[in-house]
Structures are given as structure tokens and as C-alpha cells.
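Protein chains in written order, with the numbering used here: chain A, 1485 to 1640; chain B, 1485 to 1640.
Hints were generated in silico from the structure; no laboratory data involved. A couple of the hints might just be wrong.
Because identical chains share one entry, a pair is satisfied inside a single copy or across any pair of copies.
With a cut-off of at most 20 angstroms between alpha-carbon atoms, the simulated SDA-like pairs for lysine to any residue come out as follows [claimed, not checked]:
hint : residue 1 : residue 2
1    : Lys1609   : Val1631
2    : Lys1588   : Val1629
3    : Lys1609   : His1583
4    : Lys1513   : Gly1538
2 protein chains.
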Amino acid sequence: MSHKAFQDYYPDSFSQCYGCGRLNDHGLKIKSYWDGEESVCTFRPHEYHTAFPGFVYGGLIASLIDCHSTATAAAAAYRHEGRGMDTDPAIRFVTGSLHVDFLKPTPITAPMELRSRVKEIKERKIVVETDLSVAGVICARGSVVAVKIPETMVPK
Amino acid sequence: MSHKAFQDYYPDSFSQCYGCGRLNDHGLKIKSYWDGEESVCTFRPHEYHTAFPGFVYGGLIASLIDCHSTATAAAAAYRHEGRGMDTDPAIRFVTGSLHVDFLKPTPITAPMELRSRVKEIKERKIVVETDLSVAGVICARGSVVAVKIPETMVPK
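Chain A on its own, in the form it takes in the complex (with noise of 0.2 angstroms):
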């Protein structure tokens, strides 16, 4: 793995969201690196992060698959064109739409672990699926449809 996340490459005005952006403070601040074919995200929940005791509440779930797959999706379409996260122009992916199946109850006690695959790249949608585990167990899986960012919400 590298040492410098997806997200770390974000120009600042890309750098605001909730779930992934590094300026954003009262975020989550998630990292997303390569491994392989494979792209990985850890995660450790807060106790307030919970649905019942001792359960990872799912939106957090569905938050964390959800940002760590665009950032997949805009690092994989970097790979796909030959050049570097660092190489203008910048490349940003939203979510079309976002599928969670929540397989077992997600104990809140250790860290989470995304790992995605890239199923489909085209120029402007690109197919991430994620399984998320604790401790190996594989806890809830996720199909992101990520679209290039339209022109009306790229920021100024």
C-alpha cells in the first residue's frame, strides 16, 4: 500500500465532504489506499457510532461504503487513463446510487475494514463493490454505481 490516501490528493475545493474530506472537521475523515487490485479503507467507530450496544449503526455503514467507493472510483479512473492522482484535471466521482446489504450485526468493538473491487469502468460510470468485515468477518457488502461529477456541482 501507499502512504498517501486517495483522499489526500483531493484539490482543497474537492476537500470538504463529510465522509472523506480532510478539511472537513467535523467528518469522518476516511482513507482509502490501493492494495493490489483491491482498494482499503479502515475504520474504527466511535461508542456513539452505534445502533444498539455493541452494533455499528448503519448509516455509518452505508457512509463509509458509500465515500470510500467514489474515492475508488476517481483513483481507478486515474489508473485507467495512465497518470497519477497528482496530474490535472482533478478527477471526482458522486454516487448514482448506493445498495447495502447488511449481512450480520456489525460489532462496534474493533476497527472496519472495506475492501473493494472495481466490476465495471467506463468514461463517466464505474462500478465498486465492497465487502465490509470485523475481524474478518464479513458483516455487510455494497454495490456503488459512481458517475463523474456533473458540471452543476463542481465547485467554483
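Given the coordinates of chain A, assemble chain B onto it according to the supplied hints.
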């Protein structure tokens, strides 16, 4: 609409959830109500709930749809049994699967309204569909398969 929200009927042991628990001081504390055959939840995002400046972070949208849908499932189950949410035993649903289609960027400048309908109701499985709108414009659509809480997750 009644003045007491679905979440206000949850026993304390079920009220810790980050999304909907009235006892989670870090959380979103959403409130859901019947409005005829639909359930309604209104949520005003904080400025830091952003994806890009001016637009709501998708993980928040997913979280609201998730918690509002499971609350709607619980309320629908009580209604289906012909008893009030203040009667025992408590009924609680968790999310089996969550699907969100992000139809348009969701402006952060005004409250979001979620309106849900119960599409299928069985003893252990309830399907809830949701439109999320801002100022009358539908920005996202959600579908949740809610399942009756497994015994392993019931707080003692």
C-alpha cells in the same frame, strides 16, 4: 400528524442509535410521524453535512432513509397488530438491505423531507420506499427491507 414521534415510544434500551436514538447526544435524533398512509420525517442538515459546498453528503441521506424506514416498519407492525406503540412487547426492526438512488444533487440550504410508504408487510419483513425532497423537488429515492430484530441484537 400526531405529536409524539415513533422514536419517542422506543424503550430506553432501544434509544441509543446514532440516527434515531433520543438518548444519543452525538446523533441525528430524527423524528418520524404518520401523515395518513405515509410516514414523514423532516431534517435540517448542518453546514458540515456537506459533500461539496452547497450540497448534502450522500451518507447522511442514506442514514436518514435507513433510520426513518426502520422506524416506519416498526410503526407499521404495531398498526398491523392493531395496537399502540406504547404497548408491550416492543417491536423493533433493523435494516436487511438499503438501496438509494441519488436522482439530483440535494441542496443543503433547506430542510429535507422524507415521505415513506409501506410496500410489503409480513411478520418478520417489511419493505419501505421513500422519497426525499427539498422544497418539493425529489432528490433521492430509497428502498429498505426491514427485518425484525434478531434476538442476538436485543439489548438486555
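Hint check results:
no.: 1; hint: Lys1609 - Val1631; verdict: within (5 angstroms within a copy, 32 angstroms between copies)
no.: 2; hint: Lys1588 - Val1629; verdict: between (23 angstroms within a copy, 14 angstroms between copies)
no.: 3; hint: Lys1609 - His1583; verdict: both (16 angstroms within a copy, 18 angstroms between copies)
no.: 4; hint: Lys1513 - Gly1538; verdict: between (23 angstroms within a copy, 19 angstroms between copies)
The earlier numbered hints are all upheld by this structure, with none contradicted.
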